[in-house]
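Engineer: As a plain string of letters, each chain reads:
Protein chains: 2
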Amino acid sequence: MRKHITGFSNPTVKYLRSLRDKKHRKRSGQFLVEGLRLLEDARSTGRLPTTLVMAEGRAAHDLLARLEADVVAAGGEVISTTPDILSKITGKDNAQSVVGVFDEWDTSLAALDRSAAPIWLVAQALRDPGNLGTMLRTGDAVGAGGLILIARWEEFLPWLRGGAKQDGGQLVAASLRDAVPYRGAAYAAPCFILVGNESQGLPEEYEAACDLRVTMPMKGRADSLNAAVAAAVLAYEVLAGLGCD
Amino acid sequence: MRKHITGFSNPTVKYLRSLRDKKHRKRSGQFLVEGLRLLEDARSTGRLPTTLVMAEGRAAHDLLARLEADVVAAGGEVISTTPDILSKITGKDNAQSVVGVFDEWDTSLAALDRSAAPIWLVAQALRDPGNLGTMLRTGDAVGAGGLILIARWEEFLPWLRGGAKQDGGQLVAASLRDAVPYRGAAYAAPCFILVGNESQGLPEEYEAACDLRVTMPMKGRADSLNAAVAAAVLAYEVLAGLGCD
Chain A
434 MRKHITGFSN PTVKYLRSLR DKKHRKRSGQ FLVEGLRLLE DARSTGRLPT
484 TLVMAEGRAA HDLLARLEAD VVAAGGEVIS TTPDILSKIT GKDNAQSVVG
534 VFDEWDTSLA ALDRSAAPIW LVAQALRDPG NLGTMLRTGD AVGAGGLILI
584 ARWEEFLPWL RGGAKQDGGQ LVAASLRDAV PYRGAAYAAP CFILVGNESQ
634 GLPEEYEAAC DLRVTMPMKG RADSLNAAVA AAVLAYEVLA GLGCD
Chain B
434 MRKHITGFSN PTVKYLRSLR DKKHRKRSGQ FLVEGLRLLE DARSTGRLPT
484 TLVMAEGRAA HDLLARLEAD VVAAGGEVIS TTPDILSKIT GKDNAQSVVG
534 VFDEWDTSLA ALDRSAAPIW LVAQALRDPG NLGTMLRTGD AVGAGGLILI
584 ARWEEFLPWL RGGAKQDGGQ LVAASLRDAV PYRGAAYAAP CFILVGNESQ
634 GLPEEYEAAC DLRVTMPMKG RADSLNAAVA AAVLAYEVLA GLGCD
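From first to last, the protein sequence lines are chains A and B.
Quick note on this note's numbering: the first sequence kicks off at 434 and runs consecutively.
Quick note on this note's numbering: the second sequence kicks off at 434 and runs consecutively.
Given that identical chains are not distinguished, each listed pair holds provided it fits within a single copy or across any two copies.
DSBU-like, lysine-lysine: derived pairs with alpha carbons at most 35 Å apart: (1) Lys459 x Lys652; (2) Lys455 x Lys652; (3) Lys525 x Lys447.
Hints are computed from structural coordinates only; laboratory data are not their basis.
It should be emphasised that the depicted structure is a prediction, and the values quoted were computed from it without experimental measurement.
Please put together the full structure from these sequences, using the hints given.
Structural biologist: Next comes the structure, spelled out in structure tokens:
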């Protein structure tokens with residue numbers, strides 16, 4: 434469906450603008466994605482916005498045309514509006530922008546198909562958003578199924594151990610305790626690479642629960658690597674060990 | 434030599450305080466290092482301050498006592514002063530602090546002994562101080578001789594190629610052009626791992642000058658890793674390839 438909006442007080446405009454607040458995102462279960470590049474990334478992984486908003490008079494663009502067609506074909510809505518109203522929605526002064534509204538999707542552990550990938554990254558209490566971004570990029574590079582941010586260990590571990598499903602999974606961490614050399618260790622898919630907090634490392638009980646503790650050469654004065662670096666060095670070794678490289 | 438200073442207008446106090454400014458550091462060829470931990474790190478790698486400054490009444494500490502003795506034995510100066518004056522020098526309100534004055538040392542390429550380590554990290558136009566810190570930490574972990582920040586390529590390349598010395602060195606970069614798999618590539622010591630700028634990667638002529646171009650599996654949508662991550666994955670592979678792990 435296509436629609437044109439010209440009034441600032443239009444309820445749709447108000448609603449879209451409200452999604453800039455976490456409170457409203459939480460309440461509605463929807464969120465905004467801005468920019469053709471991100472929208473195209475989402476489309477190419479099978480995620481379409483329920484609503485697409487752009488300014489009238491925007492330059493034609495093949496990717497955008499395809500996106501529009503896909504949204505309409507999926508029963509979504511394409512809204513054109515004035516550059517001013519678009520700016521009001523996004524809070525930015527960019528008339529070339531495109532905004533999509535997405536339904537949140539299920540990111541619970543129960544919704545994960547662990548057999549979908551040989552490697553998964555698992556982070557416990559990461560603090561630095563930079564490290565998070567770096568790990569997402571590394572996960573992409575090694576073909577990881579995803580980055581699991583452990584909210585509650587008491588939820589993660591039973592899920593990993595399969596409950597009724599018994600579908601397995603090897604939990605691996607870099608460790609100094611009771612560890613084997615990371616190089617050529619007996620990795621098995623699906624391999625869950627567990628990375629600890631930047632300053633504290635992994636709690637002892639997390640390490641104890643691992644199927645495999647590996648150690649990397651540390652030839653200098655420091656006794657650990659940057660968390661995202663350790664995850665990457667280990668992930669590439671696992672990739673090779675599983676014969677997936 | 435040991436000295437006690439109690440006056441704010443003492444010329445030594447004024448001089449030490451001036452070293453907080455880049456301009457004065459540059460002019461004097463000296464710089465300040467604050468805190469026992471950093472001073473101890475420096476001492477343990479053979480660097481002693483020419484002058485050590487601490488507040489009178491500071492708690493006794495074995496490491497500090499050893500540092501003081503070493504400084505005096507090396508002909509340096511140990512100054513005790515009031516907590517107020519120390520705060521004036523450091524700009525911080527910490528009476529437990531210790532400050533050392535160091536002579537700058539020669540960090541030119543000509544002063545490098547490349548045979549001192551099997552691995553060297555080389556960065557071109559790194560932008561992110563976080564990546565720089567991560568690479569230093571990685572370099573420490575793999576036993577790298579150092580992190581070389583290329584100021585001028587026209588200076589680095591002739592130095593690497595040995596000039597009159599002909600002492601060799603293999604230049605390696607992660608690349609998509611004309612590259613072999615990074616895993617098990619023919620690495621040779623001293624191996625110089627060249628890492629490009631975060632957003633631009635390496636200029637083509639830099640890649641062309643490499644003795645070995647290697648490629649890492651990139652299974653996802655992105656075509657590169659974070660610069661510090663790429664350096665680390667490669668450095669650990671080189672370490673194993675050289676039989677140094």
